[in-house]
Structures are given as C-alpha cells and as structure tokens.
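**Q** Sequences listed follow chains A and B, in order. Just so we're aligned, residue -11 is where the first sequence starts under our numbering, counting upward by one. Just so we're aligned, residue 356 is where the second sequence starts under our numbering, counting upward by one.
None of these hints come from the bench; they were simulated from the model. Honestly, I wouldn't trust all of these hints.
[What the hints assert, rightly or not] If we take Cβ atoms under 7 Å as the criterion, some of the chain B residues that face chain A in the derived model are: (1) S357; (2) V481; (3) V485; (4) N486; (5) N494; (6) T496; (7) K593; (8) A596; (9) V600; (10) V603; (11) Y626; (12) D630; (13) T637; (14) W638; (15) H639.
Everything numeric in this text was worked out from a predicted model, so none of it was measured. All C-beta atoms, glycine included, are put in the ideal place defined by N, C-alpha and C.
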Amino acid sequence: MPTLAADKKPARSAGRNGGRIGPGPGRRPVTELIFGDLWEFDPAPETADPKLKPRYELFINGQFVAPRAGKYFDSINPANEQKLAELALGGEADVDAAYAAATRAFETVWARLPGRERGKFLYRVARLLQDRAREFAVAETMDNGKPIRETRDFDVPMCAAHFFYHGGWADKLEYVAPGRRMAPLGVVGQVIPWNFPLLMLSWKIAPALAAGNCVVIKPASNTSITAVKLAEIFQDAGLPPGVVNVITGPGATGGYLMAHPAAAKIAFTGSTEVGKVIMRSVAGSDKRMTMELGGKAANIVFDDAPIDQAVEGIVNGIFFNQGQVCCAGSRLLVHEPVADLVVAKLKQRLRVLRVGDPLDKNTDVGAIVSRAQLDTIQRYLDIGVKEGAEMWQPPCRLPAKGYFMPPTIFTGVTQSHCIAREEIFGPVLSILTFRTIDEAIEKANNTAYGLSAGVWTDKGSRILKMSTELKAGVVWANTFNKFDPTSPFGGYKESGFGREGGRQGLLDYARLV
Amino acid sequence: MSRLPITKTPKVYVGGAFIRSESGRTFPIKDAGGNFFANIPQCTRKDLRNAVEAAAKAGPGWAKRTPYNRGQILYRLGEMLEARTADMADALRVGGATPATARREIAATVDRLIYYAGWADKYEQVLGSVNPVAAPYFNFTVTEPMGIVGVIAPEEPPLLGLVSLIAPVIVSGNTVVALASGVQPYPAIVLGEMLATSDLPGGVVNLLTGLHKELVPTFATHAHLRALAAVASAEERKTLALGAVESVKRTKFWKAEAPTDWFAGKAQSLYAIRDFLEFKTTWHPIGA
Chain A
-11 MPTLAADKKP ARSAGRNGGR IGPGPGRRPV TELIFGDLWE FDPAPETADP
39 KLKPRYELFI NGQFVAPRAG KYFDSINPAN EQKLAELALG GEADVDAAYA
89 AATRAFETVW ARLPGRERGK FLYRVARLLQ DRAREFAVAE TMDNGKPIRE
139 TRDFDVPMCA AHFFYHGGWA DKLEYVAPGR RMAPLGVVGQ VIPWNFPLLM
189 LSWKIAPALA AGNCVVIKPA SNTSITAVKL AEIFQDAGLP PGVVNVITGP
239 GATGGYLMAH PAAAKIAFTG STEVGKVIMR SVAGSDKRMT MELGGKAANI
289 VFDDAPIDQA VEGIVNGIFF NQGQVCCAGS RLLVHEPVAD LVVAKLKQRL
339 RVLRVGDPLD KNTDVGAIVS RAQLDTIQRY LDIGVKEGAE MWQPPCRLPA
389 KGYFMPPTIF TGVTQSHCIA REEIFGPVLS ILTFRTIDEA IEKANNTAYG
439 LSAGVWTDKG SRILKMSTEL KAGVVWANTF NKFDPTSPFG GYKESGFGRE
489 GGRQGLLDYA RLV
Chain B
356 MSRLPITKTP KVYVGGAFIR SESGRTFPIK DAGGNFFANI PQCTRKDLRN
406 AVEAAAKAGP GWAKRTPYNR GQILYRLGEM LEARTADMAD ALRVGGATPA
456 TARREIAATV DRLIYYAGWA DKYEQVLGSV NPVAAPYFNF TVTEPMGIVG
506 VIAPEEPPLL GLVSLIAPVI VSGNTVVALA SGVQPYPAIV LGEMLATSDL
556 PGGVVNLLTG LHKELVPTFA THAHLRALAA VASAEERKTL ALGAVESVKR
606 TKFWKAEAPT DWFAGKAQSL YAIRDFLEFK TTWHPIGA
C-alpha cells in the first residue's frame, strides 16, 4: 500500500487562493488525505491484441523485404525489458533501394496522379488506422512505454486526423500559396524520433504525400514497430508501390538517408545536436530542409492565474509522455506572490499521479523509452542536486522491472543551472520565480531554444503581450501541450525551422512556380 | 583656371551614420573610362560586427512600428530614389551603365520598393490564419520578423539586386546588414545617402562595402544574424550553410553562377517576405 504522503509541511497563506489547502493559522494541523491513499487500485489493463509479429522487415517498393545484409535487432518493451519483436537492420544498400523505388514512384505514378486521387489514398489510410486504432494504441504503448490512455486518446487518433486533414488538401493546393502554383519537390527523406512514433510519422508523411512527393522514412530504432505496422495499412490501402518506404535501423542509417543525393528535401525531428550534424552533412547541396529540434519551454504562471487549472497545465506540460516531449514545459516560471502556493499544490497533485504499467488504463506516467534515456535523466537529477537545487519526488512505488522515473521537481533553480538550460527529455521540472512581467519575458527568452511557451493569467491583454514577446513558435495560453493538424507547429532559433501542420506546414513540401 | 570640383569621400552607411572602415582600409575603383574614381571602404569583420550591433539596437523599435508606418517609410524611400534619379544614374554609370540602362534599373528599383511598401499591411492577412482545431480553443497563427538578416547582394545589377533583397526583409520589421556588390559598390554608397534622408530609422539597414571573400565567413558564423539572404557561388554557399548550422540560421540562397533576372516580375513576391518570417501559433481555451 502506498504510504501516506510524507511531505506535510502546510503551505502558508498566499495569494487569493491562499489557505485553501493546509490548516489555517493557529489551528492544529490535520492529516491531509490524498485520494487513493487508503485503498489499493485493481489493475485495469488494456487487453486488446497488438497483433505483433515475431519479426518485421523493411517496407520498400510496396513490399516487405529482408534487409540486404540479413541483420536484425531486438525491439524491447521498456515497461518490462522484454523483447517485443525483431526489426530489420537496414543499411546503405537498403536506403539506396528505397530511394530508387521512391524516385520511380514519383516519376511514373504519384506526381502524375490528380490531387483528388492522391487525397483518397490519404483518406483510406486514416480510415484503416481508425479501424485498427486500439490494436495500434496497444502496440505503441508496448513499444514506447507511454500510457495507454495517451496512445488511445491522443497518439493514434491524432495520427489518423493528420492523414484525414491532409487528404483534403491534396486537390486544393492552389489555395495554399496565393499568386503561385505549388509543385512537388520529388523524394523526401525523413527521420523521426521515438517520443511520438506514429504521430511523427503522420506529421511527416501526410503533408509530403498531399503535396505530391514520395517518401523514404526512418523511424527511431527504439520505436519502429508501429511504423512497419502502418506500412501494412499502406499496403491495404493500395498505396502505389514506392510512394512510402520505411527503413528501420540505427542512427547511422538515418545519417545516410538524410545525406542521400536522391533526396530533394529532408525533414528531421529530433535533438538539436543531431539536427546540426545532419545540417552539416548536407551543407552545400541544394536540398531543402525542415528541422524540428529541441526545446526548453517556459511555462509562466502569473499571480492572477486560475491556480488549480495552472497546476493541471503544469503537470500536463512536463509529465505528459514522461516529459519526453520537445515542447515540454520543462521550466516553470512562477510569479513570486503565488510561488509557495503553486509549489504546494503541485506537490499535492503529483502525489496522486500514478506511475506504473503503461498498459494500465489508470496509469498517468509510464515507462521511459530506454535504459539509455533513463540514465540520461538520472544524470541530470544528479547534476541538479550537485548544483544546489532542491529535488522533490512524490512517494511512489515503481515496478520492479522496466525503465521508470518518478515525476521530479526542482525548486530553487536559477537560470545558470544546467537543469534550467539543457533539454532533459524526461519528467523533470525546474522551477524558477519572477517578480515582474519583464523579468518573466527575459527569463523565458533566455535560451537558445524557442519551440513553445505557456502563459497562465486571467488578463487578456497580458496574454497577448506575452504571446507577442515570447520567442517561441507555439504559445499555449491557459492551456499546454495541445496539438491539431490544422495548427502549425515548429520552432524559433535553435529549435529548428519550418512548420508542420496547417496551410503553413504544407508549403514546406512544395516549390512555388 | 577653371574651378576644381570637390570630390566625395565614399563612406558606408551603418547605424544611421556615415563611416569609414574601422581598419582604415580602402580599395580604389575606376570609372567606366578606366580612370581613378574613388576609394571605397574595405570593411572588415569588425565592421560587420559593429553593423550587427547597430541593427540589434534598431530592431525592436522597427518591429514595433505599425505595418502602415513601415509601408509609408518604404514608400518614402521610393520617393527619395525617384527624386534623385540623376544622382543615382551617375553612380550606376561609374560601373558602366548607359544613361538608358541606368534609368531602367532605377525605375525598376523604385517600383520594387513601392511593391513591397504596399505589402506591409497586407501580407499578414494572406500568410497568417485562424485555425479550426478540433477542440474548444481559439487558435491563430501570426507572423513575426526573424530579427537581424544578413544580405549578400549580387554583383549585378548593383542597385536593383541589393534593394530586391533588402526590401522584402525589412518590410516585416527585420533589420539588415548588407554587403554590396563587390565589383560595383558605389551605387550602395549613394543608396545609403538616400536611406539617410528617407524616414527609415538608423540601423534598420546597414550597408557594407568590401571583399566578399573576406566577409562571407563572418556572415556565415555571426550568431546574432538570424537568417541569411545571399547571392553566392557554390563554394560560398557551402561556407555559409556550414557556418549557419551552429546557431541554426535560416538561409535563402540564389546561385551566383545562374544569375537571377532581377528585372523579372517573378523577382518580387509575397514569398520573398515569407522567407524571413517566423510563424507563431497561439492557443487559448474558449470558455466562460
């Protein structure tokens, strides 16, 4: 049975919400009951069959084919460290074959197809994915470690929505760029990360196909299963061979894929560090590029904010997908008058976050994607403590096996702290405070990144002021971590360039004539 | 004895002032007849850094001007150039233009300024959007200037090429540090004098003259330049692209070896403005 929350220091009355939690002055402290402390939860596992195969091949020219070198690697379920399946280890010859197939498909079929017909293929993919949504959600959860609640309610439906949305654009491209006509670029090389495997696949593939391009894509080696499963749907949808090719394999294969001479454009989502390596590898070529890189978003809470909603937003901002989100609200900037209150409420909220089996429908925080990532996060925790910030984790029992990390917050963080500057990509929140709006803006913008930001205030003019001043591609006001196919997403500064989603994102997959 | 004319010392226009290179270096240019014409400042990477500083100071104020105001200022620049056609024609003729080709280039340049002046309070309505997200949120995308943009002008045409690159960058509130044509730098000197008498705040456009091979590497690596608009050779493009990586600069290149027709209608476009904009999307819940 989980222990009663140990950290019982009552919050002092602060702000207009002060005193709502903890005892009033002079009264005897009462034991604070935390929801769920007095009973055990029964497991509520999602039992749908993910229909996993023992081995997954490469998807080239509409066929599942063995890698030329005949090598395979294991895909591990991070929640129990057990092998899920074997994946083909694609190499340079496989990438060459994929580009050859994609080039042929582009020249002979796809670019010649009327937009209306291209769109129908995208609609079909969306529909077929919706048919098998639960199966894909379970597979994604087992592959990535994220809670089934997220894959079921967010990753998979949003993936389908991206195909559906872009299907509708395919025959309406003349409305995208007034005054000019859009023409496809050719074959697009794409490499995507492990944090949203299916969703990133759709962000990359759907606009590329809608605009008339063909695709060679490599999912992250940790999380490739659902990409190859989606290739089954491409087959079922009758997508012409070669229009989309999926190569699984290590980072080196991705590097080769990005620098390939047959790629007219490359699109990458991943860390800023790897993004820079890729940019250097193609410098001097005529390839077009879009880069969606790292972030260190500020989530700014003013003293007039609806505090309870803000606390929910802070939790969603940094603990959604175990914090393995490029736009995660990893720096909390709290207005001094409410800082104690917000931290107290946040701690109370974190005590009831359920960390554990990702397949359990009640789980809020699942497994970290890999041992390596868990080690990275742990290293940052050590650095944070060593630099003098105060670490707090809620009391929670972690499963014996698997890569789990409790939600972690650091208070007393300053801007020079490593944990306030570097992207951790884990459930770790650094809390800083500010006194004036100008200080909030300066601290928020004091980063090489510029992907996203959050603002919590009841004052409309302040929201618009903050939204204008924050150097970030997405600003969430009184909300956080919201996504939609119609809503352009992408960064300022070292968070990359180009947008994904909306009319603006589509333009990055075409040349104007 | 007839009167000896006073010749002008060419100075570059940086931060709203006319300066020599901090290095004191110059390079001589000849007129179309092959005679000595003047010594042009041979700007250094230190000059470039100073220019970036001037652009950084001017940037926030320029970006906060209303679009209507920026449009009027660009229009005013067009007025200045039109009114001083004779002056600019003389500058172009130093580089070998005939009176007719000089007038043609100036007319095209004025028209280009007027074209972009008109876009100032319109491009947002075409490029931005309200996005119909599938949830109760008001979601909209607006554009914002990127900041300081490095411009490397083509060798030819020295005036139209330079202005065609600068105008779409500044109309949205960016500021510019530009390197003029290496072979015909003098029109950029005269353009600076016109910028100074337009209502453009000092530091919004900073014009350098000098050797491209000396300055291209610093354009590539200066971290405060958020973007580059460069007409460049294959080798220069590689240098610029490699240097741009560290600070993730946005780059837009035109190939020097396949010259662009800057007189063509296609040389001006809404999308030349778009290339130097960031898109920002804001979400807010709809509720009571």
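**Q** Please flag the earlier hints that this structure goes against, numbers listed from lowest up.
**A** 1, 3, 12
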